[in-house]
Amino acid sequence: MGSERVSGSGMAKNTHMRWRLPFVCLLWEVAMVVLFGVFVRFDPEADAHWKAEQQQQNVTSDIENDFYFRYPSFQDVHVMIFVGFGFLMTFLQRYGFGAVGFNFLFAAFGIQWALLMQGWFHSFENGKILIGVENLINADFCVGSVCIAFGAILGKTSPVQLLVLTLFQVTLFAVNEYILLNLLHVKDAGGSMTIHTFGAYFGLTVTRILYRPNLDQSKDKQGSVYHSDLFAMIGTLYLWMYWPSFNSAISNHGDAQHRAAINTYCSLASCVLTTVAFSSLLQKKGKLDMVHIQNATLAGGVAVGTAAEMMLTPYGSLIVGFLCGIVSTIGFVYLMPFLESKLHIQDTCGIHNLHAMPGLIGGIVGAVTAAAATEEVYGKEGLISAFDFTGDYQDRMPSVQGGFQAAGICVSLAMAVAGGAIVGAILKLPFLGDPADENCFEDDVFWEVPEDSESSSLYHMHDPALKPVTP
Amino acid sequence: MGSERVSGSGMAKNTHMRWRLPFVCLLWEVAMVVLFGVFVRFDPEADAHWKAEQQQQNVTSDIENDFYFRYPSFQDVHVMIFVGFGFLMTFLQRYGFGAVGFNFLFAAFGIQWALLMQGWFHSFENGKILIGVENLINADFCVGSVCIAFGAILGKTSPVQLLVLTLFQVTLFAVNEYILLNLLHVKDAGGSMTIHTFGAYFGLTVTRILYRPNLDQSKDKQGSVYHSDLFAMIGTLYLWMYWPSFNSAISNHGDAQHRAAINTYCSLASCVLTTVAFSSLLQKKGKLDMVHIQNATLAGGVAVGTAAEMMLTPYGSLIVGFLCGIVSTIGFVYLMPFLESKLHIQDTCGIHNLHAMPGLIGGIVGAVTAAAATEEVYGKEGLISAFDFTGDYQDRMPSVQGGFQAAGICVSLAMAVAGGAIVGAILKLPFLGDPADENCFEDDVFWEVPEDSESSSLYHMHDPALKPVTP
Amino acid sequence: MGSERVSGSGMAKNTHMRWRLPFVCLLWEVAMVVLFGVFVRFDPEADAHWKAEQQQQNVTSDIENDFYFRYPSFQDVHVMIFVGFGFLMTFLQRYGFGAVGFNFLFAAFGIQWALLMQGWFHSFENGKILIGVENLINADFCVGSVCIAFGAILGKTSPVQLLVLTLFQVTLFAVNEYILLNLLHVKDAGGSMTIHTFGAYFGLTVTRILYRPNLDQSKDKQGSVYHSDLFAMIGTLYLWMYWPSFNSAISNHGDAQHRAAINTYCSLASCVLTTVAFSSLLQKKGKLDMVHIQNATLAGGVAVGTAAEMMLTPYGSLIVGFLCGIVSTIGFVYLMPFLESKLHIQDTCGIHNLHAMPGLIGGIVGAVTAAAATEEVYGKEGLISAFDFTGDYQDRMPSVQGGFQAAGICVSLAMAVAGGAIVGAILKLPFLGDPADENCFEDDVFWEVPEDSESSSLYHMHDPALKPVTP
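Chains as they are written, first to last, in this note's numbering: chain A, 21 to 491; chain B, 21 to 491; chain C, 21 to 491.
It is possible that part of the hints are untrue.
Which copy is meant is left open, so a pair is good if it fits within one copy or across any two.
Said to hold, decoys possible - Each computed DSBU-like pair below joins lysine-lysine, with the alpha-carbon atoms no more than 30 angstroms apart:
hint : residue 1 : residue 2
1    : Lys148    : Lys400
2    : Lys176    : Lys148
3    : Lys304    : Lys448
4    : Lys33     : Lys176
5    : Lys239    : Lys362
6    : Lys305    : Lys33
7    : Lys448    : Lys362
8    : Lys176    : Lys305
9    : Lys448    : Lys239
10   : Lys305    : Lys239
11   : Lys305    : Lys400
12   : Lys448    : Lys305
Keep in mind the hints are simulated off the structure, nothing from the lab. As the structure is a computational prediction, the values presented were derived from the model and not from experiment.
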């Protein structure tokens, strides 16, 4: 049976997790407990003293608690991270457990570490990190960038490697985010730059470093089966449907959240049409390819991540979605094979097409939209509020803001590539338990897999050494 | 392998999509961009000028933005359209990609076109359509009626046909809605008439026009397999759970939304019990039929679509749900075979049972509930607010309102049948690429399908010409 | 084919449902209609008179309707009950229809009966039960305890038995809840005691009474298959993601809801790490077990069900989650076999590990957190508000509150075991149609099952009497 066969070849590359995985999980979780104990407390709006504070600050109603402004969006984002990304990656015929299970594991660790890292940078008061619902959203966002990177190395890493990756990527994410939001004073509510560009180029660099020349040994497992494609569509649709919440979750209260949701809705709708068009156009027989539908349809959400809360306008959003559906689908058909054969970038889920290119486009769209902002379009107060032109930044002009936005793209790219190179090198450490080439994309290495899967999957039919279980 | 076999028979009926589908998608999306550019702008509550406007209008808090009243419901409705309807239709063993993928495609187009069509009728100010979260909900609603019609023709049409259908159905939907809501001043927040009655009879008429006498050539693919039934249950449950949001999404702020959710919750709960009862009662061995559980349990939500926001009361809702579970299940067992054999209506998903009959019941329940409204039950202000008896309609009596509601049912029916006949005729145009009879309910015609599905499905076991792949 | 074989052995134990199931469903639903007609009306905030009342009570905005405070949480809870619990139990290879379908059935009945039972105890005014969104949440909560109990007897009962169980369990739940919340004045917003401890020990007692010595006759069907494990992960993730809504849904407006969500988020994140650690640690080969990931990761949410709305603090929550992941996973590996072999408790889903032990821990954590509450931590007003130290209870000290909380655990346990024993005895009545030992965990007994499942499942390979369908 598969399990012996795998453990046999796993012995050559020691994928035995019994001591390493528990050690890392327990040690890091203990560290979280200690650090939370020292640093993390409730935000005033989540603290039992709020009742008193409410009276002092003359807040008339309980509903003005930030909880009611952001909690529904938070839950949508939460679903995107765990079900959206988790199921999107179940398309592989033999890696469903790993896709959804490892995503669950590292995201659960990542959100804790992100609460700390982002907290130190953004919510640190009198030696304490004060957390509220906005911190939860930001932590989910941060982990979103790890989910993206996971897409590039899906099926080729051990859970210990993934936890190590998460530790470093969250750290770098927080630093990059701090540079962009605080030092450059850049707007990026939906994270085209901080989440998508950073996460994707980070992941692509890591997978480049971890290049496996003999990966075609597990080529038979890199495809989908009928039902795995349907599971993946669950992920796609939840990402697609909830993306308006993603891009509006941390925007300013009121019109900004409202606008961000509408822009994203428009961009995504448009993107579906051009994805379908090019998916059909680029196949000889004109049949649609599930890989495109599962992925490229989402590019429109990525690409309005920066500008959605700005006055991008519905038709502007349609145009962005229109272009991204095309760019992303073309990326899957032409660019991905090129990246693998020429640049040795093995990108399992095609994050270059879904997150990297659309993320860059999103950064540029954001820069242009910011630079083009006028008092006429935003109103005097609206312009100040939209770009937070207050305090040190009260004299910044929109055109200057556009320049800083563009700088933000470059910083994100640089941080991603430099960080990815270092972290990729760390992940090559031999004791982290990566699977052998012929065991990639195979749950059997790290999971107890029920017997049926041997026969329900066809992959071993190509493997003459193995006989099907059924007579 | 299947793909050759299908393309062979597809050649007879040319189902090649390579030029037609991209052409339609791109052309229409370009049209959307242009029309949005000319017409669509943000609603004041989503516009950056809102901050200033808020002060003028003396709105004290950001939370009084319509976004916070409706956005959670919007997201639930969004899930119903894309995951609910999409997965509900994955029950066919070989048509999961088409069910969820085509639904995704035409809904993404439909919401854009609906924003325009509904916008011209309802949100047109100074030459511009101003869109906010309520417009997004209404666009989703409009597309819901297309999803319903899709249920009747599921598996028998090409994606180009579906896009053509969507274009026309959305247009007619908006006209019908305008007649009901504006000219007849009818209440229909959950759309028993405008969405369900209209959508279902439209779809039934279209499928009647497209009648295929030799459809039994693909009879072996019309059933479900074990896991496809579970996928369909995802759709069922999301429709069932979020239906209270559907029926309350565009009701008046406050008690009306609250009431609509409660009534719908009650009706749906009751409907499950009678569906199970009759599903068991009508089978010789008393076993439950997944088709009934997947569909008839939802009839209770359809049938309170008009009256949910009225003072239907919880027990009134229970009664409506009670009856609809029975009617719908009986429809599946007795009426559906009759419709197919005698009236030549081939209704793949049984929308006659889930949407058409319950929709009519819902219209009638709404008319009766409206006619029975009294100042005692609603309060003076409540009555005015519930039925919007203001302006031109300030003297309308509840009994008269009941009459207009009834007229609304008739108008919807007439529009659906007349429109369906015309659109059905258009869909018969030969170059739209409908599949041959023996290739209906088969993803292979329009999708790249992974190899496994040949062997995991049993359908070809009935086909002596084909040998199973496994030895 | 399976259906004959099953009906053959089903004849010995008469599982024929054709008259019994419809009879129970229809009779009980009629009873609901009558009782709702007599007793149930809208809460003032859902009644058409609200507009007038609003002015009287000087409520300035529509958004202060409780609907907007609780509806998003309600929908999340609703998803947990129907998709969360329903799909969590689809892990069995041949019992997916029963898992998700029976859960749907009894929950739909249970919420109606719970509205009445809880209404009589908590919302009864002038002879009427007044229901609003909070009642809907509480009804879902109540049914949650039945879903938990269902986990213990999954696959071994008929739908009639499940409806009988629901009738009695909901009744006892409401009594127990009344004793705790009203007589002992205990806090339990997320239901560690009232939902989890009560539900789990009730279910464990029932399954003990229904002990089947020869259950190993259907042992081949007690495992999962690859895709059934993925379906179960849908349930797991929705429970996990929405648990913050569960624990905060009925907390006080404002900071309490906010805090409850944060605490639950933290506890759950921590729990995933220790579950993974111990799942790997306790397997000889260090591979992860899907059963643990699907279940033990949720224990952290159970265990902060009482204390989440208190000032447990984020690090306190991490600690609780940390411990519960360990306890729950160890329970699956060591305790469950012991319970079955020594105490004859056959616990299909392992609810002892997921709900019983974590529920007890949650009760204890709540008691300790309450006893440790100080005015310094909560503020004077905050303390009064958090524990409702008003009216008769205005002089109760936190330490005394802790004692009452502890008493609440004992009462819940006693009610669960005593109630479970009685209800278990009732369920042994022969005419309720329980399946024979060899037909347990088998949908074929109560459902029309599509043909494919015979061959796609491997279970009959162990059964020499049956030949696979494929040649």
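Fill in: In rising order, the numbers of the hints this structure does not comply with
2 and 11
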